[in-house]
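Protein chains in written order, with our numbering: chain A, 1 to 268; chain B, 1 to 69.
Among the clues, some could well be false.
[Said to hold, decoys possible] If we take Cβ atoms under 10 Å as the criterion, some of the chain B residues that face chain A in the derived model are:
id, residue
1, M1
2, L4
3, R13
4, T14
5, V15
6, G17
7, H26
8, G29
9, R33
10, V44
11, L54
12, E61
13, F65
14, V66
15, G68
[Stated by the list, open to error] To be clear about the criterion: a stretch of chain A counts as covered by chain B if any three or more of its residues have a C-beta under 8 Å from a C-beta of chain B, and this derived list gives those stretches:
id, region
16, 31 to 40
17, 173 to 187
Don't read these hints as lab results, they were simulated from the structure.
Yeah, the Cβ is synthetic: ideal placement off N, Cα and C, and Gly gets one too.
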Amino acid sequence: MTGILPASEPALEVPLEIGGRSFRSRLMVGTGKYRSNGEMVRAIEASGAEIVTVAVRRVDLDRSKDESILHHLPADHYFLLANTAGCYSADEAVRYARLAREAGFNDFVKLEVIGDRETLLPDVDGLLAAARELVRDGFRVLAYSNDDLITALRLEDAGCAAVMPLASPIGSGLGLLNPYSIRTIKRRLSVPVVVDAGVGTASDACVTMEQGVDGILMNTALAEARDPVTMAWAMRRAVEAGRAAFLAGRMPRREVAVPSSPAKGMLE
Amino acid sequence: MPDLAITVNGEPRTVPGPATLDDLLHGLGLDARTVVVEHNRRIVRRPKLGETPLAPGDAVELVHFVGGG
């Protein structure tokens with residue numbers, strides 16, 4: 001496909017920097033819940049994502065299936081970002097983060113400390129405690145957060161490399177529920193803001209990027225699409241389009257119409 | 001040395017003693033390069049697996065990366 005933007009695409013060439021690393025793609029993707037590993041690999045490829053999240057779990061000792069995700073994701077091709085999904089306390093999250101780091105890929109972690117099983121919303125106290133501990137321990141922490149400015153500011157103060165406020169609850173596909181909160185967080189923080197969770201379809205991704213955030217992380221929107229590969233293709237372009245629209249600067253909103261054709265020169 | 005009753009990934013297991021963590025991994029058919037080992041809540045790095053003996057009652061966790069968001 002030829003670009004609609006000028007050939008140089010200057011604005012889009014600015015890389016995303018997180019924790020001293022530089023990334024071209026502003027779309028990050030998870031690896032959970034795909035119907036097959038083959039479909040996952042093709043979807044990730046179509047998404048253009050460089051940062052790919054993984055979870056830490058016990059090895060299945062029955063070995064009915066040896067399902068280390070690493071058999072399918074070449075670690076030299078993707079930047080593996082381990083998460084602490086499923087952790088309900090700071091201690092537990094720190095433990096998972098340390099195990100993940102020991103796998104030897106990098107010292108980045110997507111920190112989740114969950115506070116409620118129904119909504120999977122973050123436990124702010126636990127999140128801040130774990131973030132401080134992991135930063136002290138040399139981790140580059142990307143903190144999954146609610147869309148609250150004060151929490152985001154505290155996570156930045158704690159030394160997080162990025163703050164990841166939710167668009168809406170994990171796996172909900174409800175899209176961006178509070179654009180104002182996300183804009184405010186982006187405006188007030190110096191570290192990158194990557195919206196994590198809740199994006200359901202391409203328009204959600206586009207609107208989210210139009211708020212000016214640095215990137216989006218998604219999983220279920222791809223894995224549960226009828227056709228994950230095509231959805232990944234769409235998401236890649238939606239993220240790029242939203243980013244470009246933000247950089248281009250939208251027209252003002254008006255409550256009245258303003259004609260696009262000249263009022264002058266009409267026939268008598 | 002008698003068999004060692006230990007816990008691996010939350011399940012009781014018996015391994016022939018004496019044994020190291022490396023022996024445990026071999027016995028389970030696991031490749032140390034794809035597994036991270038926690039021994040009584042302490043992470044044991046790969047080079048140390050062969051020199052870390054198991055004792056009765058030890059708790060071992062063997063984890064790896066799986067799909068997640």
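> Which earlier hints turn out false for this structure, listed by number in ascending order?
Replying inline: 1, 2, 4, 5, 6, 7, 11, 17
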